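*Asks:* Chains as they are written, first to last, in my numbering: chain A, 1 to 183; chain B, 1 to 176.
Just so you know, these hints were derived from the structure itself, not from any lab.
Source: prediction; values computed, not measured.
Misleading hints may appear alongside valid ones.
[Said to hold, decoys possible] The calculated label-pair distances, taken between Cβ atoms and stated as ranges, are:
#1 B:61 <-> A:146: 46 to 56 Å
#2 B:54 <-> A:111: 15 to 25 Å
#3 A:33 <-> B:39: 31 to 41 Å
#4 A:54 <-> B:63: 53 to 63 Å
[Claimed, not checked] Partial pick of chain A residues on the chain B-facing surface, computed with a CB cut under 7 Å:
#5 45
#6 69
#7 116
Where a beta carbon is used, it is the ideal one built from N, C-alpha and C, also for glycine.
Residues per chain are reported as follows:
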Amino acid sequence: MSRAEEMGIFDEEEIFENDNEVSSVRSRSFPGRTLFTLFIGLAITFVGLRNFYLNYALTSRINRIREECASYQDVEKKLVELKRKRALVRSMITRIKTLQKNKKRTIEFYEALNTLVPDGLVISAVKKEKSRITIKGYAADANVYSSFIQALNFSGFFREKIEETRNSRGEFFIAGTFDRGKK
Amino acid sequence: MKNIGAAVLFLGLSIWLLSIKIVDIEGKRIELEKAQERLATLKSAAAQIKLLEEEIKTLEAKLPELQRVLPSEADIEILVRKFSNFASISGVKLIFISSSKSRRISSGDPYLSWEISVKGGTKTFKSVLTFLKRIKEMGRALEPVNLEVKFNRIWLKKRGEFRLLINGKFRTFIRR
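Only chain A is shown next, with the shape it has when bound in the complex:
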């Protein structure tokens, strides 16, 4: 036995001494290769078929949902109609309530004005136009005038602080936004 044989090293030439022997080894590896190709082929076939199946399943599901949607076709129309009706009824209620509230509140303002005006202050005109109130008058005394302004500001009839001007002759002009009160 040679040294190479002792170490387990062989040349191919030495193992397969002739072509017949090589061919017989190759033919012995055939089932493995075929099985591998078969497996790959089957896997790809499966993926392709799965795609077709998924397509079918999704399409039929979409169709089912569309059919269900069709059964609700009047719902949206009805909803729009009902919302319009609700808005109308609400606006009718609001308008009536606003009429009542504004009537009461405006007249209450004129009643309150009678008690708010201090001695020494003259009013020449009070005007409520929509939600704007203007008061014109004359106040010789600055203290009397400022106490009137304070009383107006705390009366609750004005939404914001009132605008006021008074000239050197004592003539004043007051304007403010009318507060219609809580809804």
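Following the hints, put chain B in place on chain A, whose structure we already have.
*Replies:* Just chain B now, kept in the frame of chain A:
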């Protein structure tokens, strides 16, 4: 037998290639999501309908009670007469009183806006207040859109005679 693997591989590849050419899975998924969203929207709309119907019923039940305060077209004349009556009781001399439909009429509105314009003169602010108080106590809903009181050379609480002018525009609605 040797070529069976290759044949299956070829078949598989053909099917797979055909499937990716014909089938658009991602597109279908998006389509499905959209369809599901639409269905959910419609279902919630259907659920809302019941609630809305209930709400409208409740609101409509309130309406007749509130509408009682609105005059009818025939009542406007009565209102005008009432105003004259209130004025004479309060010591306000009516200079002018008129009623007219508001020009702004939109279609579909169940109400017509109606205005009553009043102009009067008196001697005391108390008369003005009495006149206004009468209007306030009246059952009908009337909004004073404009209300002006002009004092001619007077002190608000001054005794004696002076002249006041009232100019008012009241608004109400009548049912068509």
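*Asks:* Using the C-beta atoms of residue 54 of chain B and residue 111 of chain A, is the stated range 15 to 25 Å upheld?
*Replies:* violated (42 Å)
*Asks:* Starting from the hint 31 to 41 Å, judge whether the C-beta atoms of residue 33 of chain A and residue 39 of chain B obey it.
*Replies:* violated (52 Å)
*Asks:* At the C-beta level, are residue 61 of chain B and residue 146 of chain A separated by a distance inside 46 to 56 Å?
*Replies:* holds (51 Å)
*Asks:* Tell me if the interface restraint on residue 69 of chain A is satisfied: Cβ within less than 7 Å of some Cβ in chain B.
*Replies:* holds (5 Å)
*Asks:* Answer holds if the nearest beta-carbon of chain B is closer than 7 Å to that of residue 45 of chain A; otherwise answer violated.
*Replies:* holds (4 Å)
*Asks:* Hint says 53 to 63 Å; check whether the CB-CB distance for residue 54 of chain A and residue 63 of chain B agrees.
*Replies:* holds (56 Å)
*Asks:* Report holds or violated for the interface hint on residue 116 of chain A, using the least CB-CB distance to chain B and a cut-off of 7 Å.
*Replies:* Given a least distance of 10 Å, the restraint on residue 116 of chain A is violated.
The earlier numbered hints that this structure contradicts are 2, 3, 7.
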